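Protein chains in written order, with our numbering: chain A, 1 to 138; chain B, 1 to 404.
Simulated from the structure, these hints should not be mistaken for laboratory data.
Treat the hints loosely; a few may be bogus.
What the hints assert, rightly or not - Facing chain B, from chain A, some residues (calculated, C-beta under 7 angstroms):
{"no.": "1", "residue": "V32"}
{"no.": "2", "residue": "A34"}
{"no.": "3", "residue": "F62"}
To be verified - Okay, derived cross-link-like pairs now, BS3-like style, lysine-lysine, Cα gap no bigger than 30 angstroms in a straight line:
{"no.": "4", "chain 1": "B", "residue 1": "K82", "chain 2": "B", "residue 2": "K30"}
{"no.": "5", "chain 1": "B", "residue 1": "K82", "chain 2": "A", "residue 2": "K125"}
{"no.": "6", "chain 1": "B", "residue 1": "K30", "chain 2": "B", "residue 2": "K91"}
{"no.": "7", "chain 1": "A", "residue 1": "K124", "chain 2": "A", "residue 2": "K79"}
{"no.": "8", "chain 1": "B", "residue 1": "K103", "chain 2": "B", "residue 2": "K277"}
{"no.": "9", "chain 1": "B", "residue 1": "K391", "chain 2": "A", "residue 2": "K46"}
{"no.": "10", "chain 1": "A", "residue 1": "K124", "chain 2": "B", "residue 2": "K391"}
{"no.": "11", "chain 1": "B", "residue 1": "K209", "chain 2": "B", "residue 2": "K103"}
{"no.": "12", "chain 1": "A", "residue 1": "K90", "chain 2": "A", "residue 2": "K124"}
{"no.": "13", "chain 1": "B", "residue 1": "K279", "chain 2": "B", "residue 2": "K391"}
{"no.": "14", "chain 1": "B", "residue 1": "K65", "chain 2": "B", "residue 2": "K91"}
{"no.": "15", "chain 1": "B", "residue 1": "K137", "chain 2": "B", "residue 2": "K103"}
{"no.": "16", "chain 1": "A", "residue 1": "K79", "chain 2": "A", "residue 2": "K123"}
{"no.": "17", "chain 1": "B", "residue 1": "K65", "chain 2": "B", "residue 2": "K54"}
{"no.": "18", "chain 1": "A", "residue 1": "K22", "chain 2": "B", "residue 2": "K2"}
{"no.": "19", "chain 1": "A", "residue 1": "K90", "chain 2": "A", "residue 2": "K46"}
{"no.": "20", "chain 1": "A", "residue 1": "K46", "chain 2": "A", "residue 2": "K22"}
{"no.": "21", "chain 1": "A", "residue 1": "K125", "chain 2": "A", "residue 2": "K6"}
{"no.": "22", "chain 1": "A", "residue 1": "K6", "chain 2": "B", "residue 2": "K2"}
{"no.": "23", "chain 1": "A", "residue 1": "K79", "chain 2": "B", "residue 2": "K391"}
{"no.": "24", "chain 1": "A", "residue 1": "K123", "chain 2": "B", "residue 2": "K54"}
Remember, it's a predicted structure, so these values are computed and weren't measured experimentally.
Here a beta-carbon is modelled for each residue, glycine too, at the ideal position from N, C-alpha and C.
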Amino acid sequence: MAYSDKVLDHYSHPRNVGSMDKNDPNVGTGMVGAPECGDVMKLQVKVDEATGIIADAKFKTFGCGSAIASSSLATEWLKGKTVDEALAIKNTDIVNELSLPPVKIHCSVLAEDAIKAAIGDYKKKQGAHKPAGETVAS
Amino acid sequence: MKTPIYFDNHATTPVDPRVLQAMLPYFTEKFGNAASRNHSFGWEAEEAVDKARKQIADLIGATAKEIIFTSGATESNNLAIKGVAEMYAEKGNHIITAATEHKAVLDTCKKLEKHGAKVTYLPMLSNGLIDLDVLRKAITDKTILISIMYANNEIGVIQNVAEIGKIAHERGVLFHTDGVQACGKVPVNVLRDNIDLMSITAHKIYGPKGVGALYVRRRNPRVQITAQMDGGGHERGMRSGTLNVPSIVGLGEACAICQAEMPEESRRMSYLRDKLKAKLESELDEVFINGTMEHRLPNNLNMSFAYVEGESLLMGINDIAVSSGSACTSATLEPSYVLKALGVGDDLAHTSIRFGLGRFNTEEEVDYVAARIIEVVRRLRELSPLYEMAKEGVDLSTVQWAAE
Numbered sequence: 001m002a003y004s005d006k007v008l009d010h011y012s013h014p015r016n017v018g019s020m021d022k023n024d025p026n027v028g029t030g031m032v033g034a035p036e037c038g039d040v041m042k043l044q045v046k047v048d049e050a051t052g053i054i055a056d057a058k059f060k061t062f063g064c065g066s067a068i069a070s071s072s073l074a075t076e077w078l079k080g081k082t083v084d085e086a087l088a089i090k091n092t093d094i095v096n097e098l099s100l101p102p103v104k105i106h107c108s109v110l111a112e113d114a115i116k117a118a119i120g121d122y123k124k125k126q127g128a129h130k131p132a133g134e135t136v137a138s
Numbered sequence: 001m002k003t004p005i006y007f008d009n010h011a012t013t014p015v016d017p018r019v020l021q022a023m024l025p026y027f028t029e030k031f032g033n034a035a036s037r038n039h040s041f042g043w044e045a046e047e048a049v050d051k052a053r054k055q056i057a058d059l060i061g062a063t064a065k066e067i068i069f070t071s072g073a074t075e076s077n078n079l080a081i082k083g084v085a086e087m088y089a090e091k092g093n094h095i096i097t098a099a100t101e102h103k104a105v106l107d108t109c110k111k112l113e114k115h116g117a118k119v120t121y122l123p124m125l126s127n128g129l130i131d132l133d134v135l136r137k138a139i140t141d142k143t144i145l146i147s148i149m150y151a152n153n154e155i156g157v158i159q160n161v162a163e164i165g166k167i168a169h170e171r172g173v174l175f176h177t178d179g180v181q182a183c184g185k186v187p188v189n190v191l192r193d194n195i196d197l198m199s200i201t202a203h204k205i206y207g208p209k210g211v212g213a214l215y216v217r218r219r220n221p222r223v224q225i226t227a228q229m230d231g232g233g234h235e236r237g238m239r240s241g242t243l244n245v246p247s248i249v250g251l252g253e254a255c256a257i258c259q260a261e262m263p264e265e266s267r268r269m270s271y272l273r274d275k276l277k278a279k280l281e282s283e284l285d286e287v288f289i290n291g292t293m294e295h296r297l298p299n300n301l302n303m304s305f306a307y308v309e310g311e312s313l314l315m316g317i318n319d320i321a322v323s324s325g326s327a328c329t330s331a332t333l334e335p336s337y338v339l340k341a342l343g344v345g346d347d348l349a350h351t352s353i354r355f356g357l358g359r360f361n362t363e364e365e366v367d368y369v370a371a372r373i374i375e376v377v378r379r380l381r382e383l384s385p386l387y388e389m390a391k392e393g394v395d396l397s398t399v400q401w402a403a404e
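With the hints as constraints, model all of the structure from the sequences given.
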């Protein structure tokens, strides 16, 4: 299988790899996928209290190159966005940006799920109106 | 040292230049049909085929007349299993095989099941061997065939073939083995190993693709199979079709070279494989060998690199050709059914890599491959949330994963 240049670039030079303190009230953590399925993504956002803007985003991913690229790209896009803007990121945006083939679309779905899970966790911590159930990934 | 480096010799092997040299005259000046009985072109071709038949027979302790040429091991497996099922239908309809067989055996058995045959798929012990007591108990009055591979193509584990054959013969059951990975790599002897039928292919032993053979025993017992293709009645009526003389010459020469060089080659393969294994194990934590090392092909290593998904690892070592048991690299999107049969969890199956060393690999290549794997595994583990959790002491088996 040939990978797109963008997938190769994110795989070789992943952006924003790392972890933040998951107990920080301003940090939202999303963990989606399962080792048995061959994909696990952990995505974290740190939200600036004053502005409500995502100041930092980090990821770690166990999965194929496309899964690594999808989550790496997601962290790039998340920084600078408001929480609600972040929730508007769709998996199809990731598919288009990375030119993912049909067999790798699930990687982009997982990345979208990870974003929603991370934001959901943040909102839960902030005692926001969103019910906890929405933070659970598909 | 040239890249890419080929470490996938269980999939196929390059043709040995000596094999190619032996084949070349039979494309052009010696092009006769081996079935032409009335001129020198035919005699010349027939003579070449007879020589190849003898070379193959010598490698496996058979006689030349017991070698039936086919298009490869898939055809040999089909012919052996379907041929026996049809020929011995009056005696019974039960076949015993194993969960880790090649698809050419498993799917052939599944096809026969659709036509009324009963098939038992033996489970595996965690070391990759079958439990001989389970085999004994599986045999019924209706059992006509046991088909168990000699050595596995993914994990290289060598079954106790001689004992399986003995058990089969004690119960009057025929024993077929898929010998593709074993023949030419380890000493195989159809008499010592109590084998009645054995599938062989050329392209795993430095011969050309598209040619193989089926060994069919002629004495004690005399095995009969029903032909699966109708035509001119070649190969003692078991396999019609004009013989592919150049390729048959190639298969014969490949067998002769394997036989002559096996002791030395086998030692060299073991040395290189063990060096690769030792390097990876000394530099990386949480790596696991799949299948026993005790009964194994000298050129095989199958290792799981926990917390690193196989396809991402392959992507990082794109100048090295190996295979992975990861779902992402398979057509079915399921992780390796062979590893599953050994009880390897899907999580570890996704992280497995198969190394298949071959005649043309060098020690320099082994050193390079080991260094590359170590570097990429370390890098990907830095990226792996699972490795991070494991290092924090989280028991991953107790985690509630948010997946469907």
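Status of each hint after checking the structure:
Satisfaction of the interface hint for A:V32 is found here, the shortest Cβ-Cβ separation to chain B being roughly 5 angstroms, below the 7 angstroms cut-off. Satisfaction of the interface hint for A:A34 is found here, the shortest Cβ-Cβ separation to chain B being roughly 4 angstroms, below the 7 angstroms cut-off. About 5 angstroms separates the beta-carbon of A:F62 from the nearest beta-carbon of chain B, less than 7 angstroms, and the hint is met. A hinted pair counts as satisfied when its Cα atoms are at most 30 angstroms apart, and B:K82 with B:K30 does not qualify at roughly 35 angstroms.
This hinted pair does not check out: B:K82 and A:K125 have alpha carbons roughly 65 angstroms apart, beyond 30 angstroms. A hinted pair counts as satisfied when its Cα atoms are at most 30 angstroms apart, and B:K30 with B:K91 does not qualify at roughly 45 angstroms. Under the criterion of a C-alpha separation no larger than 30 angstroms, the hint pairing A:K124 with A:K79 is consistent with the structure, at around 20 angstroms. At most 30 angstroms may separate the alpha-carbon atoms for a hinted pair to count; B:K103 and B:K277 meet this at roughly 28 angstroms.
About 24 angstroms separates the Cα atoms of B:K391 and A:K46, which keeps this hinted pair within 30 angstroms; it holds. For the suggested pair A:K124 and B:K391, the alpha carbons sit about 27 angstroms apart, so the restraint of at most 30 angstroms is met. Proposed proximity of B:K209 and B:K103 is supported: the alpha carbons are some 18 angstroms apart, at most 30 angstroms. Restraint check for A:K90 and A:K124: satisfied, since their Cα atoms lie roughly 21 angstroms apart, inside the 30 angstroms limit.
Taken as a hint, the B:K279 and B:K391 pair is honoured in the structure, with Cα atoms around 22 angstroms apart against an allowance of 30 angstroms. For the proposed pair B:K65 and B:K91, the alpha carbon gap of about 26 angstroms is at most 30 angstroms, so the pair holds. With a C-alpha separation of about 24 angstroms, the suggested pair B:K137 and B:K103 falls inside the 30 angstroms cut-off, and the hint holds. Of the supplied pair hints, the one linking A:K79 and A:K123 holds, its CA atoms being roughly 17 angstroms apart against a limit of 30 angstroms.
This hinted pair checks out: B:K65 and B:K54 have alpha carbons roughly 8 angstroms apart, not beyond 30 angstroms. As the CA atoms of A:K22 and B:K2 are separated by approximately 47 angstroms, the hinted pair breaks the 30 angstroms bound. Distance restraint check for A:K90 and A:K46: the Cα-Cα separation of roughly 20 angstroms lies within the 30 angstroms cut-off, and the hinted pair is therefore satisfied. A C-alpha spacing of about 10 angstroms is found between A:K46 and A:K22, which places the hinted pair at or below 30 angstroms, so the restraint holds.
Proximity of A:K125 to A:K6 is assessed by CA-CA distance (about 34 angstroms); at most 30 angstroms being required, the pair is judged violated. Of the pairs offered as hints, the one joining A:K6 and B:K2 holds, with about 27 angstroms between alpha carbons and a cut-off of 30 angstroms not exceeded. Taking the CA atoms of A:K79 and B:K391, the gap is near 28 angstroms; set against the 30 angstroms cutoff, the hint holds. Note on A:K123 and B:K54: the hinted pairing is violated, with a Cα-Cα distance of about 77 angstroms set against a maximum of 30 angstroms.
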